[in-house]
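Number of protein chains: 4
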Amino acid sequence: MNSKLRVTVWGENVHEHKNKLVAQAYPKGMHTCIADALNKDASIVARTATLDQPEHGLTEAVLEKTDVLTWWGHCAHGQVQDAVVDRVQKRVLEGMGLIVLHSGHYSKIFKRLLGTTCSLTWREAGEKERIWVCNPGHPIAAGIDKYFEIEQEEMYGEPFAIPNPDEIVFLSWFQGGEVFRSGATFKRGNGKIFYFRPGHEVYPTYHHPQVQRVIQNAVRWAAPEGKWIDSCPNVPADKAPEKITARGPTLHKAGEAGLR
Amino acid sequence: MNSKLRVTVWGENVHEHKNKLVAQAYPKGMHTCIADALNKDASIVARTATLDQPEHGLTEAVLEKTDVLTWWGHCAHGQVQDAVVDRVQKRVLEGMGLIVLHSGHYSKIFKRLLGTTCSLTWREAGEKERIWVCNPGHPIAAGIDKYFEIEQEEMYGEPFAIPNPDEIVFLSWFQGGEVFRSGATFKRGNGKIFYFRPGHEVYPTYHHPQVQRVIQNAVRWAAPEGKWIDSCPNVPADKAPEKITARGPTLHKAGEAGLR
Amino acid sequence: MNSKLRVTVWGENVHEHKNKLVAQAYPKGMHTCIADALNKDASIVARTATLDQPEHGLTEAVLEKTDVLTWWGHCAHGQVQDAVVDRVQKRVLEGMGLIVLHSGHYSKIFKRLLGTTCSLTWREAGEKERIWVCNPGHPIAAGIDKYFEIEQEEMYGEPFAIPNPDEIVFLSWFQGGEVFRSGATFKRGNGKIFYFRPGHEVYPTYHHPQVQRVIQNAVRWAAPEGKWIDSCPNVPADKAPEKITARGPTLHKAGEAGLR
Amino acid sequence: MNSKLRVTVWGENVHEHKNKLVAQAYPKGMHTCIADALNKDASIVARTATLDQPEHGLTEAVLEKTDVLTWWGHCAHGQVQDAVVDRVQKRVLEGMGLIVLHSGHYSKIFKRLLGTTCSLTWREAGEKERIWVCNPGHPIAAGIDKYFEIEQEEMYGEPFAIPNPDEIVFLSWFQGGEVFRSGATFKRGNGKIFYFRPGHEVYPTYHHPQVQRVIQNAVRWAAPEGKWIDSCPNVPADKAPEKITARGPTLHKAGEAGLR
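Just so you know, the protein sequences line up as chains A, B, C and D, in that order.
Residues 0 to 259 (the numbering used here) make up the first sequence, in order.
Residues 0 to 259 (the numbering used here) make up the second sequence, in order.
Residues 0 to 259 (the numbering used here) make up the third sequence, in order.
Residues 0 to 259 (the numbering used here) make up the fourth sequence, in order.
Hints are computed from structural coordinates only; laboratory data are not their basis.
A few of these clues could be false.
Copies of one chain are not kept apart here, so a pair can be met inside one copy or by any two copies together.
[As the list claims (entries may be wrong)] Below 27 Å or equal to it, Euclidean Cα-Cα: the simulated DSS-like pairs (lysine-lysine) are:
| id | residue 1 | residue 2 |
| --- | --- | --- |
| 1 | LYS3 | LYS27 |
| 2 | LYS242 | LYS145 |
| 3 | LYS27 | LYS127 |
| 4 | LYS19 | LYS127 |
| 5 | LYS252 | LYS27 |
| 6 | LYS226 | LYS252 |
| 7 | LYS19 | LYS252 |
| 8 | LYS64 | LYS27 |
Model, not experiment: these values are computed from the prediction.
Isolated chain A, as found in the complex (with noise of 0.2 Å):
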């Protein structure tokens, strides 16, 4: 029996090979980096994928077999095929979990997901953040204490455009003086979604013991709990579940298809 929870790990996979900073940070990729980080935790099982593979690893057997899948990109959210995304919204819908690391707030998917800009103010000075529990109870905060630091990360500030999230699990503080809602859960269908700030490409985020924490709890928490297949159907009027004679003028032919 294998009842481990599939995690697919999507990594753009871009700055790894044209920053040396962000290789000697990452020299396997931020999505090893966090592929392995999940492995650590006995009950899920993760692999990876990339931009530059096939359907940028994300083909319908891929989504099919994943439970959750964590989303990092940052310079090449353009490049991301529409059909892809199309088909990872609909796994989502499903009931399959999403985890949107940092920049990849401007993925089209976590866009697609939301109906917003998801715009911020940022600044990338290296300054401190400060990562605050604001339900201690939450399984996304499990094993975090009151806070956490980040040493050096890049900084998002309010406003964050996002609808009103389902709850918030962190805010952050920055020593240059912002704040934001750096830990958000959201329901798109019958998938969970968790948005989680840390992970400038140039610091070394995903070694850290909590991120890493954190994003195994979230990944834990967004669990798929029960598959939602969507579609419009007709229910003819003989089908009805009370007895009904049907009237009136009708716009559609008995069986057909409905309009899109």
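Please arrange chains B, C and D on chain A, whose structure you already have, making use of the hints.
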């Protein structure tokens, strides 16, 4: 002084010309019927726009002068240009109100803003619909009794694939045995959104006084209360609210725009 | 190892002894019927507690060992001691799940946690209720088809005076023409709350297999995922995360507890 | 015609008489300072009420003529009579707006409406607070730039034990390193509720022009838009919207009131 609320009533205006039943019910088009109803309210000035007009009648100039947009479409959702959908979305996020009517649940703009499929079950049998008020003090339900009835309507049933609404103002009971969340509010960016279920084109629904009253109420409820011009500004280290010194590695050069 | 979910089924247990019809439908009490149904689920161990027991059977010790509490009451809400309500509320805020059944909408604990009157309209006419699923992938709806029916039930109708739920899992259609939000989730503190409508005491509702299935599902859904022990700690200036020097006037002396 | 918004500013008015620092900052009481600020807004007429008055100045007659109530209390929450809290709650559920200020987070009325402990962490060190706007288009943030600062304030930090707000309008950054959800909206029944953090009594916070502006904005935002007179009506079988015949066992006799 002109402090009237400026409403643009968007109508697909296709079935009115192809289907005799629709043409009989709405000789001047559904959009004209809705706009006429809104113009009975002294606080509102409503104009119309239709699919066949250049840019579907929704130019930058028109949208800039629109406080609230109402949207009805059915058979031609796919013909709405993406550039116009982008423009409408941008205005909603800034603060323009949006009222989505009936089969508009499958419009590009509604799906874009909600991030889900917005599907439902349906039946065209001319059955009775009874629309119940869930909060008798809600401004969208002003002047409506405990419920009102529409003698003949298309049935829309649950599951309705939308994110959890901010508020549910109406629930529908159908003669054939189904139920539906018929009046639901959302907020995206600074824009208020209201979905209102009734309005199948072969029935005279938009002539119904209580349907008209709800749409008038909804338009007033959705009036902009401010404007959010969204961007994603960089805050350089020397402009941080607290004095900090930039340190460590950086990806961006000073003054560079962020990645998207 | 005992990793079963520990459920306490609370029953008012008054009408069972005063009304022949109720006694016939539930010879061992409604609470026993519900507990028996839960104990059919191998992952659950359910015990009962009733109003007539000391501290209504809900001592500190019992609640400490309760993962999820189910609550049914009707004619004796006023007899529940406030001290017990305080205790239950405290445990819910820490993370204990709470399933509120039918006439429990007027229980002290439900009104306490929601902050509203929780009123509704009602009729006792033995009419048919059809309960629709709003998200077919939701764990509380697992194993339930599009809808299920209860041949005879009391009607509860909108407006239901609750704050907007986090999710609506079920909506009811009644033969007499009303609708109702029959399955609704809330979160207070770290505790998950589910309200489930059916269960008028003169009908055999809690013998209904799908009603039993929903309550089993709900109990598993509401299982605690962590614990939030709440306090209101002072953080002295010399323990602040950032180095600060206290300055200016103060109301409190060092080490003083806060005001409540 | 008098269409001004009628505001009652409730103040505990205890520390003003016991503590020299508070008396110096607010010679006429904090409530008077707040009411004076509101009365600068031509659309508002504000009166005051205090703990020491009969029924704390919140008689049925006063509340009936109050559109929005603001609440500041700290050391005497326990002295507020439950009957008055009941009355205020009833009016909020009907539609009266409620603005809860600073230490009012622990007031009986706020905890009553939210259902949680409303606790937080705190420090009195006269440190700087910077209050960030999360939605620049929100009416409560009108006229406020990206942020404003209060040179000396008490610190309130997360976790703030409230249910997830409908919207977060402001987040605070504190010099000592904490963050807080400083401006949060809720709806209970038909009443709009806004919590606003600043206002420790030993500092001149309520003289701060931007704090005054936010309270003016909030009062206008919370204005009633309708009235919900709540009851729990029985609908007899012969008054059902659909024709039904009562059948089967009943608990209640015809015309009997429901149980509570």
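Consistency of the hints with the structure:
In this assembly of identical chains, the alpha carbons of LYS3 and LYS27 lie at most 27 Å apart only when taken from the same copy (24 Å versus 42 Å across copies). When the C-alpha separation of LYS242 and LYS145 is checked against a cutoff of 27 Å, the pair qualifies only between copies, where the shortest distance is 17 Å, while the shortest distance within a copy is 59 Å. In the homo-oligomer, the alpha carbons of LYS27 and LYS127 lie at most 27 Å apart inside one protomer (26 Å), although the nearest pairing across protomers, at 43 Å, exceeds that limit. In this assembly of identical chains, LYS19 and LYS127 lie within 27 Å of each other by CA distance solely inside one copy; the values are 22 Å within and 40 Å between copies.
Within a single copy, LYS252 and LYS27 get their C-alpha atoms only as close as 59 Å, which misses the 27 Å cut-off; across copies the closest is 25 Å, which meets it. In this assembly of identical chains, LYS226 and LYS252 lie within 27 Å of each other by CA distance neither inside one copy nor across copies; the values are 32 Å within and 45 Å between. For the identical chains of this complex, LYS19 and LYS252 are inter-copy neighbours only, at 15 Å across copies versus 64 Å inside a copy, given an alpha-carbon limit of 27 Å. In this homomeric assembly, LYS64 and LYS27 come within 27 Å of each other (Cα to Cα) only inside a single copy, at 24 Å, whereas the closest approach across copies is 47 Å.
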